[in-house]
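Trainee: In case you want the letters, here they are:
Number of protein chains: 4
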Amino acid sequence: MHDDIKIKEECGVFGIAENTSCDVASQVYFALYALQHRGQESCGIAVNDRGVITHYRDLGLVYEVFNPERLASLGSGKMAIGHVRYSTTGNVKRHNAQPLVVKHIKGPLALCHNGNITNAYELRRRFEMNGAIFHGTNDTEVIAYLITNARLESDSIEGAVEKAMYDLKGAYSLVVMSAQKLIAARDPIGFRPLCIGRTQSGGYVVASESCALDSIGAKFVRDVDPGEIVVIKDGEIKSIRTHCVNKKPHICVFEYVYIARPDSVIEGASVHEARLRAGEFLAKSHPVEADVVIGVPDSGLDAALGYSRASGIPYGVGFIKNRYVGRSFIQPTQVMRDNAVRIKLNVLKAVVDGKRVIMIDDSIVRGTTSARIVKLLRNAGATEVHVRVSSPPFTNPCYFGVDIDSKEKLIACRRTLDEICKDIGADSLEYLSLEDVRKIADTENCDFCDGCFTGDYPCEVPKQMSKSKFETKIQEQLEFN
Amino acid sequence: MHDDIKIKEECGVFGIAENTSCDVASQVYFALYALQHRGQESCGIAVNDRGVITHYRDLGLVYEVFNPERLASLGSGKMAIGHVRYSTTGNVKRHNAQPLVVKHIKGPLALCHNGNITNAYELRRRFEMNGAIFHGTNDTEVIAYLITNARLESDSIEGAVEKAMYDLKGAYSLVVMSAQKLIAARDPIGFRPLCIGRTQSGGYVVASESCALDSIGAKFVRDVDPGEIVVIKDGEIKSIRTHCVNKKPHICVFEYVYIARPDSVIEGASVHEARLRAGEFLAKSHPVEADVVIGVPDSGLDAALGYSRASGIPYGVGFIKNRYVGRSFIQPTQVMRDNAVRIKLNVLKAVVDGKRVIMIDDSIVRGTTSARIVKLLRNAGATEVHVRVSSPPFTNPCYFGVDIDSKEKLIACRRTLDEICKDIGADSLEYLSLEDVRKIADTENCDFCDGCFTGDYPCEVPKQMSKSKFETKIQEQLEFN
Amino acid sequence: MHDDIKIKEECGVFGIAENTSCDVASQVYFALYALQHRGQESCGIAVNDRGVITHYRDLGLVYEVFNPERLASLGSGKMAIGHVRYSTTGNVKRHNAQPLVVKHIKGPLALCHNGNITNAYELRRRFEMNGAIFHGTNDTEVIAYLITNARLESDSIEGAVEKAMYDLKGAYSLVVMSAQKLIAARDPIGFRPLCIGRTQSGGYVVASESCALDSIGAKFVRDVDPGEIVVIKDGEIKSIRTHCVNKKPHICVFEYVYIARPDSVIEGASVHEARLRAGEFLAKSHPVEADVVIGVPDSGLDAALGYSRASGIPYGVGFIKNRYVGRSFIQPTQVMRDNAVRIKLNVLKAVVDGKRVIMIDDSIVRGTTSARIVKLLRNAGATEVHVRVSSPPFTNPCYFGVDIDSKEKLIACRRTLDEICKDIGADSLEYLSLEDVRKIADTENCDFCDGCFTGDYPCEVPKQMSKSKFETKIQEQLEFN
Amino acid sequence: MHDDIKIKEECGVFGIAENTSCDVASQVYFALYALQHRGQESCGIAVNDRGVITHYRDLGLVYEVFNPERLASLGSGKMAIGHVRYSTTGNVKRHNAQPLVVKHIKGPLALCHNGNITNAYELRRRFEMNGAIFHGTNDTEVIAYLITNARLESDSIEGAVEKAMYDLKGAYSLVVMSAQKLIAARDPIGFRPLCIGRTQSGGYVVASESCALDSIGAKFVRDVDPGEIVVIKDGEIKSIRTHCVNKKPHICVFEYVYIARPDSVIEGASVHEARLRAGEFLAKSHPVEADVVIGVPDSGLDAALGYSRASGIPYGVGFIKNRYVGRSFIQPTQVMRDNAVRIKLNVLKAVVDGKRVIMIDDSIVRGTTSARIVKLLRNAGATEVHVRVSSPPFTNPCYFGVDIDSKEKLIACRRTLDEICKDIGADSLEYLSLEDVRKIADTENCDFCDGCFTGDYPCEVPKQMSKSKFETKIQEQLEFN
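The listed protein sequences derive, respectively, from chains A, B, C and D.
Each residue of the first sequence is one higher than the one before, counting from 1 in the working numbering.
Each residue of the second sequence is one higher than the one before, counting from 1 in the working numbering.
Each residue of the third sequence is one higher than the one before, counting from 1 in the working numbering.
Each residue of the fourth sequence is one higher than the one before, counting from 1 in the working numbering.
Just chain A, with the same shape it has in the complex:
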């Protein structure tokens, strides 16, 4: 239940390379629909028709930005890429929407990525010192410069990407489209997911999550390896593995807990099953006598089912989420402030009245929303409310693509478990343990990054803080010339 709190997923990327010219724009459109949960701020599509790239991007959800005319205006082609970007009230600018489409010495280039380049500021300064100009503040423009500069000394665009990756630090699942090639690359740590599929007509697609493949009827082939560069041209796929230094990716564990869609399979593990297991682990480590287990929609539902299965306590539908509350929803004001949660989430009194309730949520950030939800349950007659959280407490920032609140806002940084329990008005409160969260994904294929829980990251972290501060810094570095 993160609607009004400060966790933002990063982005979702998608690319397609068919063997004949067709309506690739629609394919990207449907794929972006499936990836919409990864970013609701802005989106864009770039279509490549024999080397000429036409694109459109804007603030808004996929269905808001693209109507039939808009989609048709992108024309046909063999290749296309698309992007959804995360929602934030901060630096939401149209010129930061992606894909970024630029022209350089070797022709046009379209790029988009999911992740966070930790040395973006240094790289940017380096280019600026050479006279480079930047139109926006997103990392993608830095990546574009790295590639176009590398291209001057490389024989091919993939060679340029390979070269550029020596300079890039941090997390990136990158999709690049040149006049003739579709290229996908994943950082050597493998923070963010990226997978390959084949369309029904034999083309290739790359996507942040496998659910995007399903949406267009494409078959999952495999995940892109950490550090791997995949090059698709003329129906052929090849792989550059120079940067494949880690055998296994250290994938962000929060992808399984919250970010990814349950029907996606990441590194061989079903996200849905990972959440079921999180619930099962919670049931085993933090049992409590109760009459019903309910989940906070949508991301707490799977874990609640898992808890129910492992504990034998019946699973119940505790809340109805209003499916029509969209971006344009007018926030309740003054008097109705307290009812804010109630409009989005209504308690099923029949399910909780007179019951001891176990409520599963995927995380607690500031605690205010949890407090409101617990209160709703009590008002509906719940005699006890035991909160179980399907992830460990957030205590550290993420440098690799998830925009968690600042430390001073994170309740787990300020308050003890007991205090939080009291703050949110619960009868008991327990988190999933670190050991358990590392086991939720049933896969041997990968390790995890769980730095947000532990403060231990799989690579060096930057000294400057969060992305938003970085952006501020860029705006403030004006030398008033």
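There is no bait here: all hints are sound.
Given that identical chains are not distinguished, each listed pair holds provided it fits within a single copy or across any two copies.
Once the Cα atoms are required to be at most 27 Å apart in a straight line, the calculated BS3-like pairs of lysine-lysine come out as:
1. K344 to K321
2. K321 to K219
3. K248 to K163
4. K344 to K219
5. K463 to K407
For the record, the hints were derived by calculation from the structure and aren't laboratory data.
With chain A's structure known, arrange chains B, C and D on it following the hints.
Mentor: Then chains B, C and D, alone, in the frame of chain A:
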């Protein structure tokens, strides 16, 4: 799963009468959000500020029609009413949106209703024979004429409503706002729900469903009785019971099966629990060996949980529904046609692969969508698919406010159970029995109308067919003068 | 120069009846473009396809309300009518836009008119006393009721119109479209213009002004006579002359001075030439030594040319009007207030610098705009500014379709000629005389209504005041039942 | 009358530097309104608030792109710049709209210009060879790179502009805004106008035309000299004259004939008077007996007045131009094709019927529109139509900012005078002579570029052709890497 088939819920109504002037428009706005599932075609709000009624209505969802400026333009007042109207591709006209706001000899009048007046055509002719003009084709305009004509011989607006009800046949849950009064009335059969609540500040509200009360923090008081007229003025509520001939309403059983929101309580019975019970009954009457029970989102989920509980077969999350597929969604064309369902609904392969699956849906109309969904499950590896439907087969039209397909389109009118089973590709297919559907609502308070399943209706039915045909008739009756 | 003052033209009407079904909507669209100057508040088109009338109307200019999709949605047909409505900040409501489309006992009816029914309030009360309901506050709905009620006792729709006209008082140029007929009628006084034309394909059109005929290549046939009812059906035109009591219309003289487009010909007189003559008369009766004659765009230009011709003083282009200042123009605030006029109107310094200037405007209402314009001229170096007004002073209200300011706002009611001259900062000020204004239209075909200048009207005037007050009265007459 | 033919004015620029923070965005808004005639494709505003630049730009007219919210979102500041861009059906892309706002090593930079950089392609290649990336295809991005690169070796932004100008060839009236400075520069030839003014509060403004100064009440100070760089900071203005090699600008003579607004004064000469003189010259060199002289609105009106004055033949208003035909105007189709001109332009029959008419237009490009207009006059009864054109025939391309048709489309390149006269159906046709067009601007301050008439240009011209071809070239130069 009725997205692309031809069952349309009717409408949702809401009215509020506060004791002091305040932002009643926002209250209606939030209430309509909660009632949005009852009608997605159009919506409207009328605000009464000391006898002056300002209104706005248009095609679209609540959040599309009302932005902050639009809402603010309605001003403040003590009273307001609102309406959501069902979605159809047929006679969708802005001038049919409600509330209807008219001026008559005694001042302004705003009206909206949920239901279907079966003698609307005759009434309309009667007025036309007197020189009356009609702007639209909806029943509400006929009701308005009845009331304004009755008003000429009545002392009060409620007297006029009482008088008008002698002429009205069919189903109606009606809300009327005059310069000084808020009036709610329900037809003597009681086909459609209508309830009364109190706001936190002591005002009164009336709503189609109790979930609308919850959304604004109002307390449920009681259902309006069949035939009852409730009059609210200056903080006082009174009741006119002249038409209260039936002790119990014959409420539409399909409200429990599909139409109403699970968190609503109608005639004392929880809709959610009714659906759980439907699933339990199915489990008892139509058991089958299987590994997992899944529901078709959203309305099949509760019944699936009920089936699981009663059968002991594990409940599973079989599908992920894309929450972002809205009205503006661009339909897939040509090539992608077969994938249409897939974009809205993705199977959780991990849940069904290699499993014998029981799939619960609330109804089968034409069968085409069911066939596609069964196919999705098989493609995902389900070894068996047993379909259980939480209502009896549709075999008859509804004259009282639900727009079911024509008989020739209803698969149950054309095909036997076995044939349907084969058509949709299931291993077995069973429906809830008539006896069982009549028991799903755990209440002594009401009887049911189940004419769509039985052909037996609690009152006389008109000879002309469906509402859409009625509208056609109006348009065709031109005498080419 | 009436941009920010309170004279509003009424409306423009148009109707077309072709012999075969075609894109009549586009023809109306282009005709409304030509009539746009008669009303910028709202517009609408109704198309008749074999008796089925489809319509759309909304607030906004023709090009804002109708895009290609909207126009296409109206379909094809043999007949159509359209309307533009005047701009006011007062009771601008979408439901007051026209054409009004209603259904009555004999089928559908679409109506629109230009004018003002002086006994609308009484008629409305009469219908309300019979139970009638009204959706809006415009006169057209009253006319519709009159016709539909008369229709009950008439053999034909034209018979009903004929009968209705016995009850209608005031000014109306009316267009009515029934399932099979297009009917145009003009009040017996003939306040507002209405003419007949033939299209290139042999169909008939009726329009407020002949410029609408030109815009679609139709040929002018003749004016509709005062009191005449013209009926067009199946390519035949017939005339009902029961109400033709006046030989000549008393047409509003302000149509020639300001309202009509210069390229229109009304009652045989060119509007452009009428304005030239107004200028010539001014030159003869109010000569002054000067170096240049300029007009205030757009309506003062022709009179300035006439003044120049008659006086021999060179005609000059004194102002450039910004052609891009549209409805959505953001009004300058605070600081820039004084510059308001300057943005819309820039002085050509080269033309007036060091010159004695005669400036012709068509009227002075409040005087504030005139004062600003005179100041602009002086700032640009004009040594003398002599203002000549091509109409007599406004001293009385108009009851017949022009919304002039209230008397207390009219500068000519409060101040002497000398005072006004001083108020606006002119060196001299003269108005066109009453005798002269009656001679500006070079035609024997008509008399004039010049009640706004004289207080003498060609028929009885109502006791209640302006239309806006009438509307207020309707809203206030609530009996709080 | 260039509505549907292929002459496009280039752009309009504006910049303001006030001494205190205020609503500079509104000032730019009103100034762009006054410059709208220089470009209707797109527009944009960038506001500088203490070094932080916020901007918005989009396709559309000023009033379409900027509503009050949009304008308010730009905030307050001391400095701002704005731009309007020309209308073309070709490469109309949102990302080509201006001002261009970029970030470089020394902070933010906003730029916009009017003109055409003839060596843009070579410069672009040079930067691309260094790894530069380009987002759009407009010249401004090349200028930005030149400045940011020069900035690395300059002490100041104005030094960088000075340095950059050594590389820039062609026509440019440039406005640059850095964190602290507003800079205006004009190419050493001085093709396009650029002037300086002072606001009422003592700030400075720069604008393409003086009419923009008038619109906000600013006083004209002087024109920017050819080659001059004007730097405004903290209320001080200074001038860098390194590039001031030409004493007089060679200003585009077509600015006087057609592009500029009549109320602008360029290089000391009134545009309105220049057009009057063009008409006078025509009257002297190409007299003809006639009854009336009329102009084609809007740009032919002044010359017609001049012709009338010099010839003694009465000036008449021959056409009424529909002021409401805007960008969104739906083009007439099929049947109505021939009437296309008629909707925009109606003949005043009263003025031309039975008359020998002299019709003045500012230019003839393809001849098709002229033919239609002549036909309109004949249909309205003109007995003779003598066409006089207030500029010499177009026979050569413009490399300096006006997008004239390709040679094969220019009628004067293909046909003799007599043939053209016949083509357009005139009784006689004459053009203004080269000698005369060079004298229309009554000023000693400047020479002219009249290359479009003569093929002689005041500087070297590029080998590649028009701008649109250049853009195509960029798109085609893909090396398909």
